[in-house]
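So the chains spell out like this:
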Amino acid sequence: MSSPRQSVEDERAPALVVRLRPDAPPPRLPEGVDTAELVARARAGERSAESILYRRYAAGLLEVAQHLLRSPAAAEDVLHDAFLLAFSRLAQLKQPAQFRAWTLAIVVSLVRKRLRRQRLLRWVGLEAVDDAPLHLQARDGASVEARGELAVLDGVLRALPVPLRLAWTLRHVEGEKLEAVAAAMGKSLATTKRYLSKAEAHVERHVALEESP
Amino acid sequence: MSPLPRPVKQVLVPPDEAAVGRAWVRLETTRRVPTTVRPAIAWAAFAALAAAGVALVVRPAAPAPASSAAASAVGGALGLARAPASPPPVGGGEAAALVSEGSAAAAGSVTAPPRAGPRVFWHGRPTAGAARPSLVEGPAPAPEQPVDEAGALLASADDAWRAGQTTRAATLLAELAAHHADDARAGAALYLLGQMQLDVLGQPAEAVASFQRALQLGVPDDVVGPLWTALEQAQRSAEAPAP
Numbered sequence: 024m025s026s027p028r029q030s031v032e033d034e035r036a037p038a039l040v041v042r043l044r045p046d047a048p049p050p051r052l053p054e055g056v057d058t059a060e061l062v063a064r065a066r067a068g069e070r071s072a073e074s075i076l077y078r079r080y081a082a083g084l085l086e087v088a089q090h091l092l093r094s095p096a097a098a099e100d101v102l103h104d105a106f107l108l109a110f111s112r113l114a115q116l117k118q119p120a121q122f123r124a125w126t127l128a129i130v131v132s133l134v135r136k137r138l139r140r141q142r143l144l145r146w147v148g149l150e151a152v153d154d155a156p157l158h159l160q161a162r163d164g165a166s167v168e169a170r171g172e173l174a175v176l177d178g179v180l181r182a183l184p185v186p187l188r189l190a191w192t193l194r195h196v197e198g199e200k201l202e203a204v205a206a207a208m209g210k211s212l213a214t215t216k217r218y219l220s221k222a223e224a225h226v227e228r229h230v231a232l233e234e235s236p
Numbered sequence: 038m039s040p041l042p043r044p045v046k047q048v049l050v051p052p053d054e055a056a057v058g059r060a061w062v063r064l065e066t067t068r069r070v071p072t073t074v075r076p077a078i079a080w081a082a083f084a085a086l087a088a089a090g091v092a093l094v095v096r097p098a099a100p101a102p103a104s105s106a107a108a109s110a111v112g113g114a115l116g117l118a119r120a121p122a123s124p125p126p127v128g129g130g131e132a133a134a135l136v137s138e139g140s141a142a143a144a145g146s147v148t149a150p151p152r153a154g155p156r157v158f159w160h161g162r163p164t165a166g167a168a169r170p171s172l173v174e175g176p177a178p179a180p181e182q183p184v185d186e187a188g189a190l191l192a193s194a195d196d197a198w199r200a201g202q203t204t205r206a207a208t209l210l211a212e213l214a215a216h217h218a219d220d221a222r223a224g225a226a227l228y229l230l231g232q233m234q235l236d237v238l239g240q241p242a243e244a245v246a247s248f249q250r251a252l253q254l255g256v257p258d259d260v261v262g263p264l265w266t267a268l269e270q271a272q273r274s275a276e277a278p279a280p
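Protein chains in written order, with our numbering: chain V, 24 to 236; chain B, 38 to 280.
There could be a bad hint or two in this list.
[Said to hold, decoys possible] Selected chain V positions facing chain B (Cβ under 8 Å, derived; list incomplete): (1) Ser71; (2) Glu86; (3) Ala124; (4) Leu138; (5) Gln141; (6) Leu143; (7) Leu144; (8) Arg162; (9) Val167.
[Stated by the list, open to error] Over the 10 Å line for every Cβ pair with chain B, so calculated as not near, a few chain V residues: (10) Ala59; (11) Arg78; (12) Ala81; (13) Ala82; (14) Pro119; (15) Phe122; (16) Arg142; (17) Ser166; (18) Lys210; (19) Ala213; (20) Arg217; (21) Leu219.
Since the hints were made in silico from the structure, they are not lab data.
Treat the numbers as computed from the prediction; the structure is a model and nothing was measured.
Yeah, the Cβ is synthetic: ideal placement off N, Cα and C, and Gly gets one too.
Using the sequences provided together with the hints, build the complete structure.
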């Protein structure tokens, strides 16, 4: 019969090989480490803290960028640029716990720049990259009606001015809170409400959305 | 007609995890080059191109230096070396010097550059009886293969671990981390060392130190999460009162 220590070692024997294998499956992120601490550690130069911050928030921010830009490739570029900026300007973040909101504001700012460039490209006769309208981003199980509604919604949103479109998308596609939308847009709450009110009036004339809870 | 749910993203596909990973790799690659270096490289390239362009334009108009007696006189007075009129004899009798000491008296016209041919190196006047080095450049010696000491230590640690020699494995991992801290595997080795200290050797304080050092050195992405968890666990164990 093996000793308890030996059994522990037997269980852990493959660890040396498994842990150093590059294709090992990614583990779950630790839930206990809060964002403010990670930001503090990242400010102190810990790359692993940056890595955790990235893995915690990147997927959500990529989703936002993709829905705003309608181009997976452009969204990936924006994600890269946003985290590059965020990590280089981490010292400017006044509330470390608000890392996600701060990075979202950077993403939205970069998206606006890209949309301005796209408008310029269209104006000079060059077609901007815009290869994934909302109905093509529908889940596999989405009904035909839902896809149809998404196509209509996509057309309606395109017709909106950029600030209104961004505000509406953040609020109703992403489900961000009003305060978060205002912070991401860099506008006051009153201005954001005005944007949303105009956008909602326009969208709801064409597309049916579930009642707000 | 069924209304769209709120938020609408419920009916949209989630983001591609591969895209998240690709963006991270790009981010790491971009950050390896400091932002101050990139403009410097761009300016250097621009300056080199501009200089080449200027040289191309100016060159035909420049006077031929070979006929300038003044230039030769100055060169000779400064004792500048001149290129030989012809390549030195290779093999056979006494080798001749490739360069001759310049002097004002010897200052004449600037000679033409040596003819193209095999590259010849002058190793100095040979002493009597000594083996003469080859004057003609031979094939370059094969570079020595670097010894993967960190890999060897890791393999030894693995062998020791499998043989049940935990202390020896821990010593080897500590040695790897201490002497090969710049190796990419040092962080992961420290993580493993910390696990041994925490779970097998019963040394939580040492495990905390190992985990913290692993964080400093950096570990593979897939180890970052467990490393944080293990660090927290080791800290709790180290702070707990002894039974």
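Let me know if the C-beta of leucine 143/V comes in closer than 8 Å to any C-beta of chain B, holds or violated. Violated. Min distance 24 Å.
Beyond 10 Å from chain B, beta-carbon-wise, is arginine 78/V? At about 8 Å from chain B, arginine 78/V fails to clear the 10 Å cut-off, so the statement is violated.
Holds or violated: leucine 138/V as interface residue toward chain B, Cβ cutoff 8 Å? violated, 19 Å
Classify the hint on glutamine 141/V as holds or violated, based on whether any CB of chain B lies nearer than 8 Å to its CB. violated, 20 Å
Nearest-CB test (10 Å) between chain B and leucine 219/V: holds, 13 Å
According to the definition I'm using, a residue is off the interface if its beta carbon is farther than 10 Å from all beta carbons of the partner; does lysine 210/V meet that for chain B? holds, 20 Å
Over 10 Å to the closest beta carbon of chain B is the bar; see if alanine 82/V clears it. The claim breaks: alanine 82/V does not keep its Cβ more than 10 Å from every Cβ of chain B (closest is about 5 Å).
Over 10 Å from every CB of chain B: does proline 119/V meet that, or does the non-interface label fail? holds, 17 Å
Beyond 10 Å from every chain B Cβ: check whether that's true for serine 166/V. At about 7 Å from chain B, serine 166/V fails to clear the 10 Å cut-off, so the statement is violated.
Quick check on the hint: arginine 162/V CB to chain B CB, less than 8 Å? Cβ of arginine 162/V sits 5 Å from chain B, so the hint holds.
Taking the least C-beta to C-beta distance, is leucine 144/V closer than 8 Å to chain B? violated, 23 Å
So is alanine 81/V really clear of chain B, every C-beta pair being over 10 Å apart? violated, 5 Å
Violation of the numbered hints given earlier is confined to hints 3, 4, 5, 6, 7, 9, 11, 12, 13, 17; the remaining hints are satisfied by the structure.
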